[in-house]
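K.L.:
Sequence:
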Amino acid sequence: MEPQTPAGTAGDPVARPPEDEGRREGRTAPAEASLGAATDGACADALWELPVEPAQRRPQCSRCSRPQEVCLCPFLPLHPLHISTHLYIIQHPAEESKVLRTVPLLAACLPQDKCKVKTGRRFSEERDPELSNVCRKSDTLILYPGAEAANLEEFILDSPTYPSTIIIIDGTWSQAKDIFYKNSLFRLPKQVQLKTSISSQYVIRTQPTNRCLSTLECAAAALSILEKNNYIQETLLRPLQALCSFQLQHGAQIRLSKEHLLKNGLYPKPMPKNKRKLRKMELLMNSVKI
2 MEPQTPAGTA
12 GDPVARPPED
22 EGRREGRTAP
32 AEASLGAATD
42 GACADALWEL
52 PVEPAQRRPQ
62 CSRCSRPQEV
72 CLCPFLPLHP
82 LHISTHLYII
92 QHPAEESKVL
102 RTVPLLAACL
112 PQDKCKVKTG
122 RRFSEERDPE
132 LSNVCRKSDT
142 LILYPGAEAA
152 NLEEFILDSP
162 TYPSTIIIID
172 GTWSQAKDIF
182 YKNSLFRLPK
192 QVQLKTSISS
202 QYVIRTQPTN
212 RCLSTLECAA
222 AALSILEKNN
232 YIQETLLRPL
242 QALCSFQLQH
252 GAQIRLSKEH
262 LLKNGLYPKP
272 MPKNKRKLRK
282 MELLMNSVKI
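Each residue of the sequence shown is one higher than the one before, starting from 2 at the first, in this note's numbering.
Hints in this document: simulated from the structure, not taken from any laboratory. Take the hints with a grain of salt, since some may be wrong.
[What the hints assert, rightly or not] With a straight-line Cα cutoff of 30 angstroms, these simulated DSS-like cross-link-like pairs (lysine-lysine) come out:
1) K99 / K117
2) K119 / K196
3) K196 / K138
4) K99 / K178
5) K191 / K138
6) K274 / K183
7) K196 / K178
8) K191 / K274
9) K191 / K178
10) K115 / K138
[Said to hold, decoys possible] Distance windows between CB atoms, simulated:
11) H80 / S165: 16 to 26 angstroms
12) Q113 / D140: 17 to 27 angstroms
13) P271 / P112: 43 to 53 angstroms
14) R206 / R277: 36 to 46 angstroms
15) D114 / R137: 12 to 22 angstroms
16) P81 / D140: 14 to 24 angstroms
17) G147 / I199: 18 to 28 angstroms
18) G147 / H251: 20 to 30 angstroms
19) N265 / T197: 20 to 30 angstroms
20) P68 / R277: 18 to 28 angstroms
21) P271 / P81: 46 to 56 angstroms
Idealized CB from N, CA, C, for every residue including glycine.
Model the full structure from these sequences, guided by the hints.
P.N.:
Structure (structure tokens):
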């Protein structure tokens with residue numbers, strides 16, 4: 002803070018009026034302040050009156066939901082695949098806004114009456130009687146890994162009723178976990194999981210482990226098993242492979258799993274201080290399922 006000269010000293014023989022003192026101390030005189038406020042207000046009003054142009058969205062393909070200039074329809078089957086299994090995708094709302102989501106590609110490959118997408122976090126009998134009815138049927142499965150989950154291939158060999166419906170949750174792993182455990186409806190169907198050693202081909206999004214698959218890949222593997230037809234998996238994976246190839250050609254980078262990054266000392270962030278998150282990291286490093 003600069004030293005101030007008292008009014009009426011030898012260096013300042015004439016006493017200044019209050020407004021001059023205010024100006025000398027860096028304060029704005031009342032008349033000037035009013036003028037400045039009026040000017041600022043006029044500028045703000047002028048800005049508000051400027052026309053607002055809505056953001057232009059690129060035209061989208063009605064089938065694959067991709068922008069038309071990067072349409073993936075050439076990689077989709079000419080006609081929807083013929084399947085007998087009903088597929089229900091339970092989609093977290095956050096997935097709807099993601100550009101590189103796989104569910105639209107999956108839906109574009111299947112008949113509309115065989116693939117239904119239901120978006121939300123919470124489901125109940127009152128809010129969704131249809132889904133409630135599906136979950137209560139003995140021939141409905143839900144694909145979600147865990148200690149309680151049976152191997153899908155082994156389960157269908159011993160099951161007295163062949164499954165006709167399978168439910169898959171679409172979202173990040175934490176979002177899927179939240180949906181599964183906070184909706185009692187999803188613990189009514191038989192819980193199954195895929196026993197596979199293959200790595201995800203969805204290399205433009207980071208996965209927790211090398212064995213985590215995208216929603217499309219899970220559906221492709223499960224439908225191939227239930228329909229006893231490997232061609233289904235090959236057909237469903239084709240647009241995903243094309244999507245990743247296109248993105249990599251235009252600047253995207255291959256995203257390695259957190260497991261790979263941690264095991265090879267490449268993880269770019271500091272280890273978390275939160276004990277629960279730190280424990281998850283340790284499990285990933287030791288290849289233990291979480």
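K.L.:
Are the hints correct? Go through all of them and say.
P.N.:
Here is how each hint holds up against the structure:
Between K99 and K117 the alpha-carbon distance is near 19 angstroms, which keeps this suggested pair within the 30 angstroms criterion. Only pairs whose Cα atoms come within 30 angstroms are accepted, and K119 paired with K196 is accepted, the gap being roughly 26 angstroms. Only pairs whose Cα atoms come within 30 angstroms are accepted, and K196 paired with K138 is accepted, the gap being roughly 24 angstroms. A C-alpha spacing of about 19 angstroms is found between K99 and K178, which places the hinted pair at or below 30 angstroms, so the restraint holds.
Pair hint K191 plus K138 holds up; C-alpha atoms about 10 angstroms apart against a cutoff of 30 angstroms. Distance check on the hinted pair: K274 and K183 sit about 27 angstroms apart at the alpha-carbon level, within 30 angstroms; holds. Taking the CA atoms of K196 and K178, the gap is near 19 angstroms; set against the 30 angstroms cutoff, the hint holds. At roughly 37 angstroms between alpha-carbon atoms, K191 and K274 are farther apart than 30 angstroms, so this suggested pair is violated.
A C-alpha spacing of about 16 angstroms is found between K191 and K178, which places the hinted pair at or below 30 angstroms, so the restraint holds. For the suggested pair K115 and K138, the alpha carbons sit about 16 angstroms apart, so the restraint of at most 30 angstroms is met. Between H80 and S165 the CB atoms are about 22 angstroms apart, so this pair conforms to the stated range of 16 to 26 angstroms. The given range of 17 to 27 angstroms is respected by Q113 and D140, whose C-beta atoms sit roughly 21 angstroms from each other.
Under the hint 43 to 53 angstroms, the C-beta atoms of P271 and P112, about 48 angstroms apart, fit the expected range. Between R206 and R277 the beta carbons are some 23 angstroms apart, a value that contradicts the proposed interval 36 to 46 angstroms. For the pair D114 and R137, the beta carbons lie near 20 angstroms from each other, so the given range of 12 to 22 angstroms is met. About 22 angstroms separates the C-beta atoms of P81 and D140, a value consistent with the hinted range of 14 to 24 angstroms.
At roughly 20 angstroms, the beta-carbon separation of G147 and I199 lies within the given 18 to 28 angstroms, and the hint holds. Range check, G147 to H251: Cβ separation about 38 angstroms, and the 20 to 30 angstroms hint is violated. A hinted range of 20 to 30 angstroms holds for the C-beta pair N265 and T197, which are about 22 angstroms apart. In this structure the supplied range 18 to 28 angstroms is violated for P68 paired with R277, their Cβ-Cβ distance being about 40 angstroms.
Separated by about 48 angstroms at the C-beta atoms, P271 and P81 satisfy the suggested range of 46 to 56 angstroms.
Going down the numbered hints, you'll see the structure goes against 8, 14, 18, 20, while the others check out.
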